[in-house]
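Make the full structure from the sequences, and use the hints.
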Amino acid sequence: MSGLRVTADKDTGVAVVTLDRPARLNALDLAMASELAAIWRAFRHDDTVRAVVLTGAGERAFCTGIDRDASVPQPGSPYMQDDPLLGVGPKANDLWKPVVAAVRGMACGGAFYLLGEAEFVVADETATFFDPHTSYGMVSAYEAMLMAQRMPYGEAARTALMGTAERLSARRAYEVGLVSELTPPGEALAAATACATVLAGYPPEAVQGTVRALWAGREAALAAAFAQAPSLIALGNLPPGRQAELFAARRHGGHRVR
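Counting along the sequence shown from 1, when you hit position 138 you're at 140 in my numbering, and nothing is skipped either side.
Treat the hints with caution; some may be incorrect.
To be verified - What follows is a set of in silico ranges between Cβ atoms, one per label pair, in the way DEER data are often shown:
| no. | residue 1 | residue 2 | range |
| --- | --- | --- | --- |
| 1 | Ala218 | Arg252 | 38 to 46 angstroms |
| 2 | Lys12 | Gly78 | 48 to 56 angstroms |
| 3 | Pro205 | Gly243 | 27 to 35 angstroms |
| 4 | Glu61 | Ala236 | 31 to 39 angstroms |
| 5 | Leu240 | Gly89 | 46 to 54 angstroms |
| 6 | Asp96 | Val259 | 35 to 43 angstroms |
Hint data in this document are derived by calculation from the structure and do not stem from the laboratory. Positions of the beta carbon are idealized from the N, C-alpha and C atoms, including for glycine.
Below is the structure:
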């Protein structure tokens, strides 16, 4: 598979899914997005996998969202929109086995589709979180909606609105509840795997039922919010050419980490 690595330990019942495009900061191209959805759906039929860890390869990033080189043709109508990342998460693919995210380095933009559908997030001290949409003339809709359910409103709003000017440090993400455990550099994957091993050792029916119950408490609000997202994006996004100009003119560094 291009850009993805999957390993499974049949003794522990834990599978590790690795976004494996470190040279592209583990950004998702269209083939990778499709393959990731297929992996979640395959896990539904594999009873030897009882818990999953999702992580990114390399030290620089967990995931930076959709690959900027990906071409996603859109319908001409503002009432219809194709978003290739809407289907990349486990819940979007009807997987109710627990997923623990292990974050090292950057997690930004479309990465929030994945973090928003994980049960909880373990991060090491190098992790940073930010949402670049507004800086490049784009509406943060789905990402902001998901993060508004993972963080206090003010923190989710600040992350979505401040764009590339600010990054949420791993420590601050832990303080506001986006991250459930903070580890020394390089140890997030091991810590997340240890948690997943505990979950995989419990009766799966009880674990999966609890995952489904937790998501049920969120999905009604998300469904109502998601229904508004296409029109908000259609109304608020700059034309693609202008977005590309803003992206090309970006300056590296200079952001604040808080």
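Could you say whether the range 31 to 39 angstroms given as a hint is met by the Cβ separation of Glu61 and Ala236?
Once the Cβ atoms are compared, 37 angstroms apart, the range 31 to 39 angstroms for Ala236 and Glu61 holds.
Per the hint of 35 to 43 angstroms, is the separation of the Cβ atoms of Asp96 and Val259 within bounds?
holds, 37 angstroms
Is 46 to 54 angstroms right for how far apart the beta carbons of Leu240 and Gly89 are?
violated, 25 angstroms
CB-CB spacing for Gly78 and Lys12 relative to the 48 to 56 angstroms hint:
holds, 49 angstroms
Return holds or violated for the Cβ distance of Pro205 and Gly243 against the range 27 to 35 angstroms.
violated, 54 angstroms
Starting from the range 38 to 46 angstroms, see whether the pair Ala218 and Arg252 falls in it by beta-carbon distance.
Roughly 40 angstroms apart at Cβ, these two residues keep to the hinted range, so it holds.
The structure does not agree with the numbered hints 3, 5 stated previously, though it agrees with the rest.
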